[in-house]
Amino acid sequence: MEKFIQLLVYGLQLGSIYALLAIGYTMVFGIIRMINMAHGDFLMMGSYAVFFIVSLFFADQMLGPAIALFVILASASITGFIGVGVERIAYKPLRNRPKISSMIAAIGVSLFTQNFFRAIPFIGPNPRTFPKLLKDVLFFVGPIQLSLVRIVVIILSIVIMSVLYFIIMKTTIGMEMRAASCDKDASSLMGVNVNRVISATFFIGAGLAAISGAFYANNYPVLTVTMGATLGNKAFIAAVIGGIGDIRGAVLGGFIMGVIEIMISSVYSELAYGISFVVLIIILLLKPEGLLGKPMIEKV
Amino acid sequence: MNWLRKNSEVIILPLIYVVIFLLQKNKILNNYIIQIIMLAGVNIIMTLSLNLVNGMTGQNSIGHAGFMAVGAYVSALFSKIIFSAATMPPALQTVFFLLATIAGGIGAAIFGFLIGMPTLRLKGDYLAIVTLGFGEVIRSIIRITPTVGAARGLTGIPKLASLFWIFVFVTITIYVCRNYMDSAYGRGCLAIRDNEVAADTMGINTSKYKVQAFVTSAFIAGIAGSMYAHTLRYLHPDVFSYTKSTDFLVYLYAGGVGSISGSILGAFVLTALPEILRFMNEWRLVIYGGLLVVIILFRPVGMFGGKEFAFLKLKTGGIRHIGFSNLFQRKSKKTAVANEEISQ
Amino acid sequence: MSVLKADHISIQFGGLRAVNDFSLDLQEKELYSIIGPNGAGKTTVFNMLTGIYQPTEGSIYIDGKLMAGCKPYQFTAAGLARTFQNIRLFHGATVLDNVKMAHSFKTDYNFFNMLTRTGKYHSEERRITEKSMELLEMFDLQDKKDFFANNLPYGEQRKLEIVRALATEPKVILLDEPAAGMNPNEIDDVVNLILRVQKELGKAILVIEHHMKMVMKIAEYIKVLDFGETISEGTPEKVQNDPKVIEAYLGGHANASRS
Numbered sequence: 001m002e003k004f005i006q007l008l009v010y011g012l013q014l015g016s017i018y019a020l021l022a023i024g025y026t027m028v029f030g031i032i033r034m035i036n037m038a039h040g041d042f043l044m045m046g047s048y049a050v051f052f053i054v055s056l057f058f059a060d061q062m063l064g065p066a067i068a069l070f071v072i073l074a075s076a077s078i079t080g081f082i083g084v085g086v087e088r089i090a091y092k093p094l095r096n097r098p099k100i101s102s103m104i105a106a107i108g109v110s111l112f113t114q115n116f117f118r119a120i121p122f123i124g125p126n127p128r129t130f131p132k133l134l135k136d137v138l139f140f141v142g143p144i145q146l147s148l149v150r151i152v153v154i155i156l157s158i159v160i161m162s163v164l165y166f167i168i169m170k171t172t173i174g175m176e177m178r179a180a181s182c183d184k185d186a187s188s189l190m191g192v193n194v195n196r197v198i199s200a201t202f203f204i205g206a207g208l209a210a211i212s213g214a215f216y217a218n219n220y221p222v223l224t225v226t227m228g229a230t231l232g233n234k235a236f237i238a239a240v241i242g243g244i245g246d247i248r249g250a251v252l253g254g255f256i257m258g259v260i261e262i263m264i265s266s267v268y269s270e271l272a273y274g275i276s277f278v279v280l281i282i283i284l285l286l287k288p289e290g291l292l293g294k295p296m297i298e299k300v
Numbered sequence: 001m002n003w004l005r006k007n008s009e010v011i012i013l014p015l016i017y018v019v020i021f022l023l024q025k026n027k028i029l030n031n032y033i034i035q036i037i038m039l040a041g042v043n044i045i046m047t048l049s050l051n052l053v054n055g056m057t058g059q060n061s062i063g064h065a066g067f068m069a070v071g072a073y074v075s076a077l078f079s080k081i082i083f084s085a086a087t088m089p090p091a092l093q094t095v096f097f098l099l100a101t102i103a104g105g106i107g108a109a110i111f112g113f114l115i116g117m118p119t120l121r122l123k124g125d126y127l128a129i130v131t132l133g134f135g136e137v138i139r140s141i142i143r144i145t146p147t148v149g150a151a152r153g154l155t156g157i158p159k160l161a162s163l164f165w166i167f168v169f170v171t172i173t174i175y176v177c178r179n180y181m182d183s184a185y186g187r188g189c190l191a192i193r194d195n196e197v198a199a200d201t202m203g204i205n206t207s208k209y210k211v212q213a214f215v216t217s218a219f220i221a222g223i224a225g226s227m228y229a230h231t232l233r234y235l236h237p238d239v240f241s242y243t244k245s246t247d248f249l250v251y252l253y254a255g256g257v258g259s260i261s262g263s264i265l266g267a268f269v270l271t272a273l274p275e276i277l278r279f280m281n282e283w284r285l286v287i288y289g290g291l292l293v294v295i296i297l298f299r300p301v302g303m304f305g306g307k308e309f310a311f312l313k314l315k316t317g318g319i320r321h322i323g324f325s326n327l328f329q330r331k332s333k334k335t336a337v338a339n340e341e342i343s344q
Numbered sequence: 001m002s003v004l005k006a007d008h009i010s011i012q013f014g015g016l017r018a019v020n021d022f023s024l025d026l027q028e029k030e031l032y033s034i035i036g037p038n039g040a041g042k043t044t045v046f047n048m049l050t051g052i053y054q055p056t057e058g059s060i061y062i063d064g065k066l067m068a069g070c071k072p073y074q075f076t077a078a079g080l081a082r083t084f085q086n087i088r089l090f091h092g093a094t095v096l097d098n099v100k101m102a103h104s105f106k107t108d109y110n111f112f113n114m115l116t117r118t119g120k121y122h123s124e125e126r127r128i129t130e131k132s133m134e135l136l137e138m139f140d141l142q143d144k145k146d147f148f149a150n151n152l153p154y155g156e157q158r159k160l161e162i163v164r165a166l167a168t169e170p171k172v173i174l175l176d177e178p179a180a181g182m183n184p185n186e187i188d189d190v191v192n193l194i195l196r197v198q199k200e201l202g203k204a205i206l207v208i209e210h211h212m213k214m215v216m217k218i219a220e221y222i223k224v225l226d227f228g229e230t231i232s233e234g235t236p237e238k239v240q241n242d243p244k245v246i247e248a249y250l251g252g253h254a255n256a257s258r259s
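Protein chains in written order, with the UniProt record's numbering: chain A, 1 to 300; chain B, 1 to 344; chain C, 1 to 259.
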């Protein structure tokens, strides 16, 4: 039982990382119906951004919570702007072409960024060690050992996701996003600046990916240029399980994926990766639109 | 003579082989280059296989390396573990190589059927997601199966594939794909790609046509897997990851989706390109990725522009043919005009 | 002999009854028409008659054969073809290929004949091409056989859709607003085309159309739908003078002010 709760906490923490990443997939898909294969690379960029900010300005010090948060947010906005730039250069010209072309372009972007980062000398092919942002405190609740940082990561993620939900449901830009995801052409006729909405979507998506990158690297402190690929795949699956296009679905899917993965790998670690796909296939066969998704109907 | 002009492939294809063969014999092409040419052949087969699903039927498979993995492992299991073909006399080896290849194809086709049946009925991107998942599930299963070497990989597969056999299988695949596209079956698939609802009301059993194309494609991918296994002699589950699948997608879309010639050229050029760029060291994949984005942005129909080689004699789709016989004809017209001018 | 029979069909989407108790009996070489205001359920009737939707009640017979639970392609195989309100051609294919595609299900060679080009492959391909060309010539499209379908002018796209439907060798053909978006001259062409299909080729035809003049000119029998109910039916003269029809088209208010 103690083990179960401990694993559950680990699972929720990994799940919050997947959820943050999955939101980006789902938002981009919701608005431009594109699977952004390069989304995982935003996670990589974000964690490298944190790494460089810390090693340039705060080398060898323990950061206070406020500074840590500031560093994370700063790298999130840097990554956000990169995300907007990538969309403008590589995806925008493809908006009216078959969806698969923008997916191929995304594969190109992903190849480019990963290898570019590997090629430039101050990043290079060797893994980097991520700095400890916060001093971890271990404490006990009854017989269960818990880590403060893990709890903080889960809570922070939930706070961030709630803020995002508020932005989407209550603000003007959020309303424009929802309008654009229903019907891009109609909403542009209603005065929604679709370009601005798509840029905002990429900014938020890439920013959240960067945050999840920082959280991930805080736990598994090895940075490589390809770290985004596998994580990105799993987050994409999470988005699909929850129902792609639906933000609540992405969050739910993320947590499900995280918990399942931790639980399974505690039994047999080689299986963890494959099982998540088995879960995906089962869910798709039973409920093709995902847990919270709405079925797509073609009008004849 | 007229027949030869119409059927120039009868000369051209063996000629290409003989040229490569002679270059190899005279040590102008070293083993490394020959190996790359063989891998390019494998990639051509894979890209043609993907073209049947993504190009001809308009369904998106993004995990095709999974079928290649099934083909590679099944055929290696056949030739190495069940029959240990390495110790056989050469003639028997060839027979077992062909049997292993067919076994690999059938294995992949069975998986293709199991995946295609439930998912191809659904509309939308489900096939894409499920094929992606399938590829990764297969990889995980291989990783925990000790018989095929688990996560360490499978070594010591007999080297049975040769330049000749790869050339033969590439040629067969090209003609199978051509025949498929230029038939009622292929036209049914093209109709589904263009408008599924209309295809359905034109009497086309859409699920059946889609599953047929998908299973055929998986079979061909399995063949490619066997070629791969018996060329490199070593298999590792991580080779057939999702990245491998995206490689084939890239070859297909950069070459020109839906076009047989585009698939061939895309696979060949993009297999060769990273090797040609090798002198740029770590920058080569940066350039490769950048080029890919540029091709997609500025050549929507692919490098080859949706044209087809004349020797394929494709009739479906109103294609512009380019090829050797066309070149001859154009030249002869020009000379005819020139002759007239002189006589005047 | 009845080629298309709908026996009290209804369909329900959730709580909404989109079409209620619709019946139809179309004999060989007859030309019927369904009219009604927007949203009356005309296209829904078509979608049921072609197997795209399954009626929740009632049954459909094509050529005397019960079509319960059948897919659209089986409806086509039984002898029914249709066109669409928003043109649905195979836009990436040439005009000739569009027609050949409609022959796909009637070819007589199997998968391995196809892959190896043996057996009946060559003779069948020749037969399909010849038949497709015959149809194109009949409707003056032979010169455009190598055009891509989406490069044709609008009127010819509609024509090609009808030709393509004819290529499935149907007994009955369903036309969904064949004159939508056309000017009066083009409408005359469509009228001639439809009458030719009926008289020369001997097909039974069911048309949905908004142009009243055209419907009155060609239809032998008209069914009027409103809110999914059949409110009137009969010969053009009878329907034209039915007060219920006038009310449906002009609205209750207009009727009240007139009285």
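Please keep in mind that the hints were generated in silico from the structure rather than gathered at the bench.
Yeah, the Cβ is synthetic: ideal placement off N, Cα and C, and Gly gets one too.
Misleading hints may appear alongside valid ones.
Stretch-level coverage of chain B by chain C, calculated; a stretch enters the list once three of its residues show a Cβ under 8 angstroms from a Cβ in chain C [to be verified]:
| # | stretch |
| --- | --- |
| 1 | 148–157 |
| 2 | 203–216 |
Where chain B lies over chain A, by a calculated footprint (3+ residues, C-beta under 8 angstroms) [to be verified]:
| # | stretch |
| --- | --- |
| 3 | 104–111 |
| 4 | 209–218 |
| 5 | 257–263 |
Hint check results:
Note: the stretch 148–157 of chain B has 0 residues with beta-carbon separation from chain C under 8 angstroms; the three-residue rule is not met and the coverage is violated. Only when three residues or more bring their CB closer than 8 angstroms to a CB of chain C does the claim for the stretch 203–216 of chain B stand; here the count is 5, and the claim holds. Figure legend: the stretch 104–111 of chain A, annotated as covered by chain B; annotation consistent (7 residues with Cβ-Cβ distances under 8 angstroms, at least 3 required). For the stretch 209–218 of chain A, the stated coverage by chain B is not satisfied: 0 residues place a CB nearer than 8 angstroms to a CB of that chain, which falls below the threshold of 3.
As drawn, the stretch 257–263 of chain A meets chain B at 0 residues by the rule of a beta-carbon pair under 8 angstroms; below three, the given contact is violated.
Checked against the numbered hints given earlier, the structure breaks hints 1, 4 and 5 and satisfies all the rest.
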